[in-house]
Amino acid sequence: MWKRLYDWIDQRVQLGGLMEFMGKKYVPIHAHSVWYYFGGVSLFLFIIQVVTGILLLLYYKGSEELAFESIQFIMSKVKFGWLIRSIHSWTANLFILTSMIHMFSVYFARAYRKPREITWVTGMLMFFLALAFGFSGYLLPWNELAFFATKVGTDIPGVIPVIGKPIMVFLRGGEDVTGATLSRFFGFHVAVFPAIFTVILGIHLLLVQRQGMSEPMNAEANPHTEKKTMPFFPNFLLRDLLLWLIVLNLLAVLAVFFPWELGQKADPFAPAPAGIKPEWYFLFMFQTLKYIPGKVLFLDGEILGVLLFGFAGLLWTLVPFWDRKSNRGERNRFVTYLGLFAVIYIMILTIIGWVA
Amino acid sequence: MTRVAGLLVVCTLMLTAAPKTWADDKCFSCHQSLGDRASELFPRDVHRLKGITCAGCHGGNAGIEDMEQAMSKAAGFLGVPKGDEISRACAKCHSSAERMKQYGSSLATGQLEQLQASVHGNLAASGKEHIAQCSTCHNAHGIASVKSAWSPVHPSQLVKTCTRCHANATLMRTYNPSLPVDQLEKYRTSVHGIRHSRGDAKVAECASCHGSHDIRTAKDVKSTVYPTNLPATCAACHSRADYMKEYRIPVDQFEKFSKSVHGVALLQKHDLAAPACNDCHGNHGAAPPGIASVSNVCGTCHALNADLFSASPHKKAFDERKLPECETCHGNHEIIVATNKLLGVASDAVCSRCHSETQNVKGYVVARSMRALIDSLEQGERQAVTLVEGAEQKGMEISEAKFKLRDARQARLEARTMIHSFSSERFEEVVGKGLNVASAVSVEAHEALDEYVFRRIGLGVATLVITVLVISLYLFIRRLERRS
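Residue numbers (this note's numbering), protein chains in the order written: chain S, 1 to 356; chain H, 1 to 484.
Since no wrong hints were added, every one of them can be taken at face value.
The calculated DSBU-like cross-link candidates involving lysine-lysine, where the alpha carbons are at most 30 Å apart (straight line), are:
| id | chain 1 | residue 1 | chain 2 | residue 2 |
| --- | --- | --- | --- | --- |
| 1 | S | K77 | H | K433 |
| 2 | H | K402 | S | K277 |
| 3 | S | K61 | H | K402 |
| 4 | S | K79 | H | K404 |
| 5 | H | K433 | S | K265 |
| 6 | S | K265 | H | K404 |
| 7 | S | K61 | H | K394 |
Here chain H is said to cover these stretches of chain S; the calculated rule only asks that three of the stretch's residues, wherever they fall, bring their Cβ under 8 Å from a Cβ of chain H:
| id | stretch |
| --- | --- |
| 8 | 70-80 |
| 9 | 237-248 |
Simulated from the structure, these hints should not be mistaken for lab results.
Cβ coordinates follow ideal geometry from the N, Cα and C atoms, glycine included.
Build out the structure end to end from the sequences listed, making use of the hints.
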């Protein structure tokens with residue numbers, strides 16, 4: 001029956017070429033092959049986000065008066081609503097975690113080097129979008145913590161001279177975080193960001209398929225040594241699937257044993273609760289801003305922090321263009337040290353922020 | 001500067017140029033010959049008795065016969081002090097412990113500071129002086145010791161002195177239009193006022209409760225009549241067994257009140273909605289509420305309970321037996337938190353004082369059934385709370401059921417109020433409402449707890465299925481890779 005179905009489709013869309021391409025696609029096997037799986041896991045988590053997000057959309061109401069109550073309804077009345085919401089929240093966090101691991105593994109393997117510069121840049125854009133997804137989605141339950149975290153979060157770009165205030169007003173839909181901010185974030189979260197993300201993801205996947213997996217630099221340096229590979233289809237794909245199943249099980253365990261809390265409904269007139277913190281993936285930046293003195297030379301400390309992180313993000317995104325040594329196949333220790341510094345810095349500041 | 005210099009001259013003259021005998025006080029002898037009011041009052045003035053002459057306050061030289069010289073600026077003559085100058089002239093001595101000691105007085109020396117910090121220390125309507133000066137209450141010439149019966153601030157005279165202003169609607173309107181001016185009228189109807197008019201100087205008058213120099217508005221937390229301070233103010237007399245002995249009334253009211261539900265709320269929790277002594281007894285018209293008016297007094301706050309009681313069969317029975325309504329069951333100063341124990345037919349229940357299996361049987365049956373009903377409501381609510389808390393601790397979203405618990409609590413409170421109707425039907429209706437809510441909440445909480453178990457079983461099944469799939473896939477991959 002499968003054969004007949006394949007023939008039926010093949011006669012109409014000529015699958016032969018695609019199957020031949022897939023048949024010739026190989027994944028290199030080496031000591032660091034394990035890092036290849038994080039791209040696939042991130043993709044799987046994104047798919048889960050899309051599916052669970054659509055299901056939540058069936059009941060969620062994006063207004064100041066109803067947002068909190070609708071989530072409450074999803075959690076208590078909708079069959080398996082608790083599961084969908086908890087999985088969506090947990091997946092959001094795991095998605096950013098696996099994307100980070102994927103990003104750093106690509107960075108340290110220098111997989112961004114020529115000819116994969118565009119793949120790296122699209123990956124970075126997706127990572128920034130993932131952070132934006134996280135930030136906008138955090139407000140949607142309209143609970144106390146989300147409300148004040150958004151207030152603090154949207155205050156930060158507001159400090160940038162000239163363009164800061166208009167950006168803040170644009171993000172909030174006004175001077176303050178209100179129902180207008182919620183509607184705006186809802187729109188970004190379910191329409192604008194997914195649309196942009198899908199396009200970039202398409203380009204990213206197309207490039208990965210077209211260019212294949214990047215090999216480590218030392219493997220390229222010895223073209224005569226025998227290279228071990230594995231067919232992408234079906235071997236690598238089946239291994240991916242195996243890992244996805246384990247991740248799915250992990251998500252179910254997290255959702256059942258640690259259901260995502262809803263908290264108290266936001267009250268704009270209430271004082272901010274003590275210890276307001278952003279989500280863990282913003283903590284290192286939040287903590288850094290705390291350490292920068294109020295005034296550094298002629299610059300406001302907060303402005304300096306925002307500009308520094310903006311510059312660091314830009315430098316990181318453009319690494320394939322300034323790391324010329326790696327492009328030439330030479331070792332670049334500076335890039336390694338910079339990457340190690342970034343990992344250690346993020347980890348330490350996140351831990352301090354978490355414990356504080 | 002001129003005034004300060006003038007005062008210094010006055011002080012010096014007063015001490016050095018004071019006449020040795022009254023005949024040497026030329027100011028007084030001259031004014032006496034004129035027959036003016038000041039010289040008429042001055043001979044009995046406490047200051048004159050201590051050797052202070054006219055020059056003590058007015059300056060000048062009382063020893064010189066020549067009027068122009070005696071009342072010249074060079075002699076330090078000040079004239080008649082006006083406005084705040086009056087109090088300053090008094091304070092010259094009364095604020096100096098050393099000076100007061102010279103005259104053998106043990107009076108406190110902080111009166112002026114107290115007066116200026118008091119409500120009377122506010123600026124007068126003219127904007128040029130404080131509202132009250134020393135002479136406003138003590139008079140100017142003929143000032144007598146507070147212990148002297150003809151002093152305007154002697155307990156027997158004080159009410160008249162205060163009401164000179166406080167009963168004057170036109171004057172009081174200038175400062176505080178909302179302040180009543182009928183205090184005296186009410187006072188005359190109070191136990192304090194009645195005794196006072198009979199000449200009893202021991203009973204409370206204005207200063208007993210409001211203080212003297214340091215009088216503050218009743219809204220001021222430092223005021224002796226601020227709600228949280230008032231019980232202690234009343235207790236200053238009413239808790240003193242020796243002082244109250246001749247009146248033959250108990251002196252344990254404050255002790256009882258402090259332990260009562262009202263006292264704990266007011267004195268410990270600082271809940272200003274709780275009653276102080278004056279809320280039940282009145283303030284200026286303070287008197288114990290009579291048997292007929294007890295329910296009206298309590299009913300000012302507990303309106304629903306009072307209405308239900310008035311419409312109940314107990315109203316007639318209590319009236320016939322001349323029993324004070326609320327007080328019979330709840331007490332007066334020592335009212336404790338009303339628990340279910342008060343209701344029913346057990347020995348510690350108040351109903352059993354009048355109702356038994358052989359006496360007033362109908363009430364006995366009603367009390368027994370009411371107690372059983374409210375106990376069942378309380379038990380139902382407790383069970384629902386336990387279940388909701390259990391589900392919440394397990395991480396279940398149960399906020400709606402938790403919210404509904406308020407209705408059960410509300411029904412319990414309503415039921416407690418409804419006890420005062422002493423009607424089984426009405427009571428059952430309210431209790432039934434609460435029992436239904438408690439039962440609905442319990443059902444929801446049970447469902448949440450079942451769901452909790454279901455989730456874990458579901459996770460177990462899903463994990464099993466996924467594990468089987470993972471193992472199968474792993475074996476399949478191994479076979480595939482071995483083949484290739």
